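Enquirer: Sequence:
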Amino acid sequence: MGENASSNTEKRKSLVFRLVLFVGISIVCFNALQIIVTGEITKKSQLEDSANDYGVVAAAYSQVISEKINSYFYAMNFYVNSDMALEGTFDQMRQWLVSQEDHRISEFDYIMLAGSDGIAYTDTGKRIDISDRPYFKAIMQDGKTKFIDDPVVSRTTGQSVIHVTRAIVRNGKNIGLISGVMQSKNLGEIISNIKVGNTGYAFVLADDGTVISHPNRDWINKRNFLTGYSEGHEDMGELAKRMVSRETGHAWLKGIYDELEFISFTPVGGTSWSMAVSIQQKEIYSTISSMMG
Numbered sequence: 001m002g003e004n005a006s007s008n009t010e011k012r013k014s015l016v017f018r019l020v021l022f023v024g025i026s027i028v029c030f031n032a033l034q035i036i037v038t039g040e041i042t043k044k045s046q047l048e049d050s051a052n053d054y055g056v057v058a059a060a061y062s063q064v065i066s067e068k069i070n071s072y073f074y075a076m077n078f079y080v081n082s083d084m085a086l087e088g089t090f091d092q093m094r095q096w097l098v099s100q101e102d103h104r105i106s107e108f109d110y111i112m113l114a115g116s117d118g119i120a121y122t123d124t125g126k127r128i129d130i131s132d133r134p135y136f137k138a139i140m141q142d143g144k145t146k147f148i149d150d151p152v153v154s155r156t157t158g159q160s161v162i163h164v165t166r167a168i169v170r171n172g173k174n175i176g177l178i179s180g181v182m183q184s185k186n187l188g189e190i191i192s193n194i195k196v197g198n199t200g201y202a203f204v205l206a207d208d209g210t211v212i213s214h215p216n217r218d219w220i221n222k223r224n225f226l227t228g229y230s231e232g233h234e235d236m237g238e239l240a241k242r243m244v245s246r247e248t249g250h251a252w253l254k255g256i257y258d259e260l261e262f263i264s265f266t267p268v269g270g271t272s273w274s275m276a277v278s279i280q281q282k283e284i285y286s287t288i289s290s291m292m293g
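Note that the working numbering has the sequence shown beginning at 1, numbered continuously upward.
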């Protein structure tokens with residue numbers, strides 16, 4: 001009987017030990033699982049915060065470009081609000097324009113004046129047919145009072161240029177236009193100087209998907225992200241569709257260096273363009289890891 005009691009005691013001790021061991025292991029596993037789940041939730045939260053942060057960055061830089069463009073439109077006030085533009089004959093306006101070369105801001109290579117026939121005269125004394133140009137059609141056919149076009153090759157200088165165009169309005173009707181012509185690299189340099197973190201950069205697409213500004217200068221005015229993405233970068237075409245549709249948003253895709261990148265994009269006010277800010281995934285995760293300790 002003593003032996004049975006002793007045996008039962010040992011069994012109870014063994015059972016208690018196994019129970020304590022099971023509970024201990026369960027607690028350790030639960031804590032480990034809790035740490036993993038909490039870490040993933042925190043990581044997801046940090047990613048969402050990063051998406052919002054980079055969205056703010058993209059919007060801020062887009063606003064900078066928009067305000068710069070507005071300053072160019074403002075510079076055209078000197079011409080479109082002049083007495084000559086409001087009351088002079090076209091020949092008088094031509095002669096006056098040439099005499100005002102000193103008033104041209106440094107960003108403009110030259111100023112153009114055109115009437116309804118589409119023949120433009122510059123303040124450098126040149127004559128050009130612009131009747132087929134989008135900025136002429138926007139002002140003289142569509143009735144817009146101001147317009148900035150996508151970069152085109154200038155028929156005067158052969159350079160890639162942007163036309164900052166204002167309508168000459170009399171009695172509520174557009175009777176002509178005055179356009180400030182600037183090299184597209186002026187805006188491109190502003191955009192190319194945008195740096196986000198260590199790996200981030202900015203780029204701009206025209207409304208047809210053509211690259212206006214990008215760190216890869218070989219792509220500027222030559223690569224179209226809607227139609228000209230390379231094999232393995234089909235997701236860039238999907239991004240371009242959203243950008244030219246004037247969406248504001250973000251996406252993950254394979255970048256130009258074959259690294260996964262986070263891209264936040266938004267329209268540029270006063271234009272038909274869209275601007276994006278891109279940063280490599282590894283830099284975002286590195287930042288999140290350092291924040292989580």
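Don't take every hint at face value.
[What the hints assert, rightly or not] With a Cα cut of at most 25 Å, we get these calculated DSS-like pairs of lysine-lysine:
| hint | residue 1 | residue 2 |
| --- | --- | --- |
| 1 | 195 | 222 |
| 2 | 126 | 137 |
| 3 | 173 | 254 |
| 4 | 185 | 195 |
| 5 | 241 | 222 |
| 6 | 185 | 282 |
| 7 | 254 | 282 |
| 8 | 185 | 68 |
| 9 | 173 | 195 |
| 10 | 146 | 126 |
| 11 | 195 | 137 |
| 12 | 137 | 173 |
| 13 | 254 | 68 |
| 14 | 146 | 173 |
| 15 | 195 | 282 |
| 16 | 185 | 173 |
[Unchecked claim] Each pair of labels, with its calculated beta carbon distance range:
| hint | residue 1 | residue 2 | range |
| --- | --- | --- | --- |
| 17 | 216 | 88 | 43 to 53 Å |
| 18 | 241 | 91 | 42 to 52 Å |
| 19 | 134 | 77 | 40 to 50 Å |
| 20 | 92 | 245 | 37 to 47 Å |
| 21 | 83 | 53 | 43 to 53 Å |
| 22 | 60 | 142 | 43 to 53 Å |
By construction, these hints were calculated from the structure, which means they are not laboratory data. Treat the numbers as computed from the prediction; the structure is a model and nothing was measured. In this text, a Cβ means the ideal position worked out from N, Cα and C, and glycines have one as well.
Enquirer: Would you check the hint for residue 254 and residue 68, treating anything up to 25 Å between C-alpha atoms as holding?
Expert: Given pair residue 254, residue 68 is violated - Cα atoms ~31 Å apart, limit 25 Å.
Enquirer: When you check the alpha-carbon spacing of residue 195 and residue 282, does it fall within 25 Å?
Expert: Satisfied, since the Cα-Cα distance of roughly 16 Å is no more than 25 Å.
Enquirer: In this structure, is the beta-carbon distance linking residue 60 and residue 142 contained in 43 to 53 Å?
Expert: violated (31 Å)
Enquirer: For the pair supplied as a hint, residue 195 and residue 222, confirm whether the alpha-carbon distance does not exceed 25 Å.
Expert: Between residue 195 and residue 222 the Cα gap is close to 23 Å, so the pair holds against 25 Å.
Enquirer: Need the status of pair residue 185, residue 173: alpha-carbon distance at most 25 Å?
Expert: violated (33 Å)
Enquirer: Note whether the CB distance of residue 83 and residue 53 lies within 43 to 53 Å or breaks it.
Expert: Because 50 Å falls inside the window, the suggested range holds.
Enquirer: Residue 185 and residue 68: Cα distance at most 25 Å?
Expert: holds (14 Å)
Enquirer: Keeping to a limit of 25 Å between CA atoms, is the pair of residue 146 and residue 173 held or broken?
Expert: holds (13 Å)
Enquirer: Check the hint pairing residue 241 with residue 222 against an upper bound of 25 Å on the C-alpha distance.
Expert: holds (18 Å)
Enquirer: Hinted pair, alpha-carbon criterion (25 Å max): residue 195, residue 137. Please report holds or violated.
Expert: violated (36 Å)
Enquirer: Given the hint that residue 173 pairs with residue 254, does the C-alpha gap stay at or below 25 Å?
Expert: violated (49 Å)
Enquirer: Is it true that the C-beta distance of residue 92 to residue 245 lies inside 37 to 47 Å, as the hint says?
Expert: holds (45 Å)
In this structure, the earlier hints numbered 3, 6, 9, 11, 13, 16, 19 and 22 are contradicted, and the remaining ones agree with it.
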